[in-house]
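The chain contents come next:
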Amino acid sequence: MFRFGKTDKDFLDTYASYSGSIQRTLKGITGNDSVAEELTQDAFIKAWKALPEFGFRSSLKTWIYQVALNVGRDWLRSHKVRNVEYSEENFEESESSKQEQVDIQEALLELEDDVREILVLFYFEGMKQEEISVILKVPSGTIKSRLHSARTKLKELLLQKGYDV
Amino acid sequence: MNEFKKLDQLMERNVPAMSKTISKKLITAPKSRSWLGYGLSLGLCSLITFFVLQHNHQISVESSDAIEEILAWDVTSDEFSEDLEVTLAMLD
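Protein sequence lines, in the order shown, are assigned to chains A and B.
The numbers in this note's numbering rise by one with no breaks, and the one at position 139 of the first sequence is 139.
The numbers in this note's numbering rise by one with no breaks, and the one at position 49 of the second sequence is 1049.
Fair warning: there could be bad hints in the mix.
What the hints assert, rightly or not - Looking from chain B toward chain A, a few residues come up when the C-beta cut is under 8 Å (computed):
#1 F1004
#2 K1006
#3 L1007
#4 L1010
#5 M1011
#6 N1014
#7 V1015
#8 M1018
#9 S1019
#10 G1043
Derived by calculation from the structure, the hints in this document are not laboratory data.
Given the structure is predicted, the values throughout are model-derived calculations rather than measurements.
Glycine is no exception: its CB is placed at the ideal position from the N, C-alpha and C atoms.
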């Protein structure tokens, strides 16, 4: 019988707190709003089902990000198409132009999946190297060098697109 | 000088807008409910159940009245069509 316990409440709180961030991360990784929305639900369902094996041995947030990144990687493996078509309607009017947003997303999609993951966590989620290191289960020093390399690659792609970066 | 300064500025300028469509869609994310919320939900469910049961009871009473009417009909009489209309109106 289902019982609504503290664990479930913690999980719902986590959903309320992080579903937006997870969806933003998955959008950065897949380049697609509706796919990100779907994958976010998948990630939380998977996390919910696997809750007993997680056992709260680490931060729920970290674990949710790990599950979400795995869901994103699975999706990328089964969807070979990298050039996701963009509708400019998906991008918000703001100080920055829609074209800049499209160019950044396209540049991100041109990068390797693991490079894009680091950049999305760094720029979209504002995570520090240590936090990225815990989520990706990679030493902090390695993340530092990978992040430097990832930013260099993104910079090169944006330079090619004519940006002064 | 930070070699990524301009890149970081470009990203800082764009990332909030790129994320905005998502946060708009997520306004319905479930929140944990208070006891007051559970109480109100329970009260509303009880009220709905009461009205549904009451409605079914009325239908049941009206249906049995209509059956009695039908049994009392003399289909050969001139009043048949008039009775039929009245009975159908009761069932409506």
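Chain A contact restraint for B/M1011 - C-beta distance below 8 Å: It holds, given that the least Cβ distance between B/M1011 and chain A is near 5 Å, below 8 Å.
Do the numbers back the hint for B/G1043, that is, is its least Cβ distance to chain A under 8 Å? 19 Å, violated
Interface hint for B/L1007, Cβ within 8 Å of any Cβ on chain A: Holds - the Cβ of B/L1007 comes within 8 Å of chain A, reaching about 4 Å at its closest.
Please check whether B/F1004 passes as an interface residue: C-beta within 8 Å of a C-beta belonging to chain A. Holds: closest Cβ of chain A sits about 5 Å from B/F1004, inside 8 Å.
The hint names B/V1015 as touching chain A; please verify it with the least Cβ-Cβ distance against 8 Å. Holds. Min distance 6 Å.
Using Cβ atoms only, decide whether B/N1014 comes closer than 8 Å to chain A, and label the hint accordingly. 4 Å, holds
Hint check, B/S1019 versus chain A [nearest Cβ-Cβ separation less than 8 Å]: Since the shortest Cβ distance to chain A is 5 Å, the answer is holds.
Interface hint outcome for B/L1010 [beta carbon to chain A under 8 Å]: 6 Å, holds
Less than 8 Å between beta-carbons is the criterion; does B/K1006 satisfy it with respect to chain A? 4 Å, holds
B/M1018 as chain A interface residue, shortest Cβ-Cβ below 8 Å: 5 Å, holds
Of the numbered hints stated above, the single one contradicted by the structure is hint 10.
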